[in-house]
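Trainee: Protein chains in written order, with full-length UniProt numbering: chain A, 1 to 357; chain B, 1 to 357; chain C, 1 to 357.
For the record, the hints were derived by calculation from the structure and aren't laboratory data.
Please note: incorrect hints may appear among the correct ones.
The list treats identical chains as one, so a pair stands whether inside a single copy or across any two.
[As the list claims (entries may be wrong)] Straight-line alpha carbon distances no greater than 16 Å define the calculated EDC-like cross-link-like pairs of lysine to aspartate or glutamate that follow: (1) K58 with D118; (2) K184 with D261; (3) K293 with D225; (4) K282 with E99; (5) K56 with D261; (6) K250 with D239; (7) K293 with E77; (8) K278 with E77.
One letter stands for each residue in the lines below.
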Amino acid sequence: YVFDYETPKTLVIPNIRVGCVFRFTQLLVVLYVVYVCVVQKAYQDTDSVISTVTTKVKGFAFTNTSDIGPHLWDVAEYVIPPQGDHSFFVLTNMVVTPEQTQSRCPELPNPSTTCVDDCDCIEGHSDPRGNIQTGLCENYSTTVKTCEVLSWCPHEVDTKLPRALMSAAENFTVLIKNSITYPKFRNILPHINSSYLKMCEFNRTSDPDCPIFRLKHIVAEAGEDFQDMAGGILGILIDWSCDLDWWAKKCFPKYSFRRLDNKHPVNNVAPGYNFFAKYYKKPDGEETRMLIKAFGIRFNVIVFGTCVWYLQGGKFAIVPTIVNLGAALSFLSLLPAVADWFMLTCMKKRDLYSKQK
Amino acid sequence: YVFDYETPKTLVIPNIRVGCVFRFTQLLVVLYVVYVCVVQKAYQDTDSVISTVTTKVKGFAFTNTSDIGPHLWDVAEYVIPPQGDHSFFVLTNMVVTPEQTQSRCPELPNPSTTCVDDCDCIEGHSDPRGNIQTGLCENYSTTVKTCEVLSWCPHEVDTKLPRALMSAAENFTVLIKNSITYPKFRNILPHINSSYLKMCEFNRTSDPDCPIFRLKHIVAEAGEDFQDMAGGILGILIDWSCDLDWWAKKCFPKYSFRRLDNKHPVNNVAPGYNFFAKYYKKPDGEETRMLIKAFGIRFNVIVFGTCVWYLQGGKFAIVPTIVNLGAALSFLSLLPAVADWFMLTCMKKRDLYSKQK
Amino acid sequence: YVFDYETPKTLVIPNIRVGCVFRFTQLLVVLYVVYVCVVQKAYQDTDSVISTVTTKVKGFAFTNTSDIGPHLWDVAEYVIPPQGDHSFFVLTNMVVTPEQTQSRCPELPNPSTTCVDDCDCIEGHSDPRGNIQTGLCENYSTTVKTCEVLSWCPHEVDTKLPRALMSAAENFTVLIKNSITYPKFRNILPHINSSYLKMCEFNRTSDPDCPIFRLKHIVAEAGEDFQDMAGGILGILIDWSCDLDWWAKKCFPKYSFRRLDNKHPVNNVAPGYNFFAKYYKKPDGEETRMLIKAFGIRFNVIVFGTCVWYLQGGKFAIVPTIVNLGAALSFLSLLPAVADWFMLTCMKKRDLYSKQK
Numbered sequence: 001y002v003f004d005y006e007t008p009k010t011l012v013i014p015n016i017r018v019g020c021v022f023r024f025t026q027l028l029v030v031l032y033v034v035y036v037c038v039v040q041k042a043y044q045d046t047d048s049v050i051s052t053v054t055t056k057v058k059g060f061a062f063t064n065t066s067d068i069g070p071h072l073w074d075v076a077e078y079v080i081p082p083q084g085d086h087s088f089f090v091l092t093n094m095v096v097t098p099e100q101t102q103s104r105c106p107e108l109p110n111p112s113t114t115c116v117d118d119c120d121c122i123e124g125h126s127d128p129r130g131n132i133q134t135g136l137c138e139n140y141s142t143t144v145k146t147c148e149v150l151s152w153c154p155h156e157v158d159t160k161l162p163r164a165l166m167s168a169a170e171n172f173t174v175l176i177k178n179s180i181t182y183p184k185f186r187n188i189l190p191h192i193n194s195s196y197l198k199m200c201e202f203n204r205t206s207d208p209d210c211p212i213f214r215l216k217h218i219v220a221e222a223g224e225d226f227q228d229m230a231g232g233i234l235g236i237l238i239d240w241s242c243d244l245d246w247w248a249k250k251c252f253p254k255y256s257f258r259r260l261d262n263k264h265p266v267n268n269v270a271p272g273y274n275f276f277a278k279y280y281k282k283p284d285g286e287e288t289r290m291l292i293k294a295f296g297i298r299f300n301v302i303v304f305g306t307c308v309w310y311l312q313g314g315k316f317a318i319v320p321t322i323v324n325l326g327a328a329l330s331f332l333s334l335l336p337a338v339a340d341w342f343m344l345t346c347m348k349k350r351d352l353y354s355k356q357k
Numbered sequence: 001y002v003f004d005y006e007t008p009k010t011l012v013i014p015n016i017r018v019g020c021v022f023r024f025t026q027l028l029v030v031l032y033v034v035y036v037c038v039v040q041k042a043y044q045d046t047d048s049v050i051s052t053v054t055t056k057v058k059g060f061a062f063t064n065t066s067d068i069g070p071h072l073w074d075v076a077e078y079v080i081p082p083q084g085d086h087s088f089f090v091l092t093n094m095v096v097t098p099e100q101t102q103s104r105c106p107e108l109p110n111p112s113t114t115c116v117d118d119c120d121c122i123e124g125h126s127d128p129r130g131n132i133q134t135g136l137c138e139n140y141s142t143t144v145k146t147c148e149v150l151s152w153c154p155h156e157v158d159t160k161l162p163r164a165l166m167s168a169a170e171n172f173t174v175l176i177k178n179s180i181t182y183p184k185f186r187n188i189l190p191h192i193n194s195s196y197l198k199m200c201e202f203n204r205t206s207d208p209d210c211p212i213f214r215l216k217h218i219v220a221e222a223g224e225d226f227q228d229m230a231g232g233i234l235g236i237l238i239d240w241s242c243d244l245d246w247w248a249k250k251c252f253p254k255y256s257f258r259r260l261d262n263k264h265p266v267n268n269v270a271p272g273y274n275f276f277a278k279y280y281k282k283p284d285g286e287e288t289r290m291l292i293k294a295f296g297i298r299f300n301v302i303v304f305g306t307c308v309w310y311l312q313g314g315k316f317a318i319v320p321t322i323v324n325l326g327a328a329l330s331f332l333s334l335l336p337a338v339a340d341w342f343m344l345t346c347m348k349k350r351d352l353y354s355k356q357k
Numbered sequence: 001y002v003f004d005y006e007t008p009k010t011l012v013i014p015n016i017r018v019g020c021v022f023r024f025t026q027l028l029v030v031l032y033v034v035y036v037c038v039v040q041k042a043y044q045d046t047d048s049v050i051s052t053v054t055t056k057v058k059g060f061a062f063t064n065t066s067d068i069g070p071h072l073w074d075v076a077e078y079v080i081p082p083q084g085d086h087s088f089f090v091l092t093n094m095v096v097t098p099e100q101t102q103s104r105c106p107e108l109p110n111p112s113t114t115c116v117d118d119c120d121c122i123e124g125h126s127d128p129r130g131n132i133q134t135g136l137c138e139n140y141s142t143t144v145k146t147c148e149v150l151s152w153c154p155h156e157v158d159t160k161l162p163r164a165l166m167s168a169a170e171n172f173t174v175l176i177k178n179s180i181t182y183p184k185f186r187n188i189l190p191h192i193n194s195s196y197l198k199m200c201e202f203n204r205t206s207d208p209d210c211p212i213f214r215l216k217h218i219v220a221e222a223g224e225d226f227q228d229m230a231g232g233i234l235g236i237l238i239d240w241s242c243d244l245d246w247w248a249k250k251c252f253p254k255y256s257f258r259r260l261d262n263k264h265p266v267n268n269v270a271p272g273y274n275f276f277a278k279y280y281k282k283p284d285g286e287e288t289r290m291l292i293k294a295f296g297i298r299f300n301v302i303v304f305g306t307c308v309w310y311l312q313g314g315k316f317a318i319v320p321t322i323v324n325l326g327a328a329l330s331f332l333s334l335l336p337a338v339a340d341w342f343m344l345t346c347m348k349k350r351d352l353y354s355k356q357k
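Please put together the full structure from these sequences, using the hints given.
Mentor: Have a look at this one:
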């Protein structure tokens, strides 16, 4: 009794118009299933990549300024931090204040700091973004008097900013090593050997697999000019689109470059600079520092991508396949309803059909 | 013959109870479809955001301690690292050991380092977490003798920890610039201009779009007190919930603040501090350093969110729509089974129906 | 009229073979539904984890080299950067160039820098990866003459690299604090107390929950030998697989360790080293630095995982449940087609059935 099979009685209607409507809608569903399977690869499981990035910048820049004299900058100085992480900052310009000590000096002149005599300055007064006033009014220059403050003195004067001091920085190169996990792949592809790596340079047409990038090239591909871009953030995007089907088995990084910060001055504040300091001690034990307001470009290596597979390590991606197929098939069950509705409303012999049913 | 249409013969049962059950279950499915489409927006495709964060802290703090005398702290000193990355550490307190050199000195007294004479100290002995003993037993103070070690001397004494030394740090402000890719949006919204940015401060009611945050405010919203929180990790969560349907087209960041570490002392170790050192050379060439055991709050900017769209760059999110609709529709095919079962078991005329079928 | 119920007339076929085929395919669908629900937990919603990592390394290393004499290395020196972020670099070896100043000195000899007399050296000549020549040809040693350059002098000589100088580094330990958000969990589990944390050490069998790892142990589990691994990147993977169903409610981290960089020298460049420098000023004000070419292991803490739940904060994960069930159910609607086809093609009485339908 359990194994009795119950099947609906059917009525065969040899009408070509109804048949066409039925077959056509059936075809639509089949086409969608093919689309989902072949184009969208719905039978695959996906996973996002877990990535590690190491960067190593190379290059030297020579500057000759009045502040610090002739100076050769090497990697240990101009790449900050030195660790070689996914984000690094390359100095391109700077305002150096060479000999600051904790002492007293008049403030930089601006409407709130200028004074006429000591009464304008309040001892101990400070605002959260300012320095501590000593209560004296001192000559800042021969024409202006400002309140004296306790601070790192002398103050930084950033009015005379030399344009793109370290212009040689555009010829620096950066080696980017990126390895992803799940699955395990590297941007240094297996067919690349050490001797090629020592001399190559990334070029989209001639050397698309070389992981060494000239900074000028990166900035140019992002649509910017290195010498004009005093500060900013440049993204080096590595897009891993891996298809690990056993017949495809391809997993390559694609590089692209994009400016990430806002270059329009309308709603921009504090464009790419940072303060760094080198601390020294004078022979008498007093602490002194060289303050560097560093302008430069921060490079961010951003790795993303998804890996898809059909059969990976014996794991057949059955669930997404079933879900996608099943959802498509359920539309098949709508077909008789559509065809019936068409038959019973649009056909001449609708009464006959209706009665037969 | 291929275009013959086969349709099941049906039996119309003019019984209102069966009809109600049938229509009611049909209604449930339709309601679910509406729910999935309107509330869950299942017709949309989603993508997670790729983000870049820049931070810039502003503010000054004045301290006057016996270790280093009056000192004004500026950004170049108290923000570590200076790079302005998504994670930064703001010094709030410190134990300074000003003049350490590589030399010999007696260990800090504790049960394993105290000694009576040289026999208790073994030359060259060291444990992985300790220093190298020279084999001598020296006076640490007038009452205690400890083994002499080769180390950075003198040792740090962290018993007299001043509470929240840099209390002014609570009034520091931080400017957070966050831009996301895919799609491209910034937390500095288009209607914000530079002059507003120079004076605004984030406030959930009056200035919800200002990207400049007072540290005290951040800590307070996380439910903590800045002055009590000697060290810890505070998360600045930026939640991008973008709906890029062409009729909605909204993409705003939402800020929230949360303490990320464990503040309960029961299972807590090594609360928020780090060792930093500034290295100097004495006139005679000997290396000396100022060791700073820095207590402070690490701020982590965490960006997350998903972007959904219906039609983005011509890409219609058809697959999730079909999957969700199809899955719902498949329940429609269960309806006749349900209604049949109801009809054949619950109704009086069940035998008649059964025979007719 | 709306509440008329239309049901197909059915034909009961008491044939055990057709019945078996029908029930068997029905069983397959039911088994798949069970599989999806129980094994794949398709009724759950998933979310990826948002994580914060703090690391703290402990340990001392004693070295005695000709360059810098006896030296005790502590955390403030050998962990770079000192911030305690998710990525840290532990020095294991180094080439120290103690007293560099901005001055003139002959280049290191190689085919492009050796010279016979001043004519071989061009004043002002430099290549992007080189230094600026002064135009003079000087004695590098008694046998070789090279072009003089303006640079940080003397140059680093990295030929005599001591093998695993800081071999004690293998006994350093690192405390990793990891907290995840959505939901809120920590790798320091609630049952762990401070006194246990002060003395425990991670061991897969005896102390699987202790978040303090000996570096040697990490490297060994990754299949490497600490003393042989001069430089490289080691991943500390923390896999959070949380099942937040109310009956399961488990959320534990699983630790694993893996070497992330390529150790095979065939397509490897610039293995794990970085340049660091400590800047000093001589009594006469001249800037000098100690350049450290640091070899070491970079440890990257990588946190990933998904959290699944059924009913979390009142949010019932209804959509994925419906989608998965619906997709499976739609296969049920295929069953009559399969069974009919079987009946009409494989059975003896097929003509009878065909006519009856």
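Trainee: The structure should be examined with respect to each hint, and the outcome stated for every one.
Mentor: Checked hints:
no.: 1; hint: K58 with D118; result: neither (53 Å within a copy, 28 Å between copies)
no.: 2; hint: K184 with D261; result: between (32 Å within a copy, 10 Å between copies)
no.: 3; hint: K293 with D225; result: neither (22 Å within a copy, 33 Å between copies)
no.: 4; hint: K282 with E99; result: both (10 Å within a copy, 14 Å between copies)
no.: 5; hint: K56 with D261; result: between (23 Å within a copy, 14 Å between copies)
no.: 6; hint: K250 with D239; result: within (13 Å within a copy, 26 Å between copies)
no.: 7; hint: K293 with E77; result: both (14 Å within a copy, 13 Å between copies)
no.: 8; hint: K278 with E77; result: both (11 Å within a copy, 10 Å between copies)
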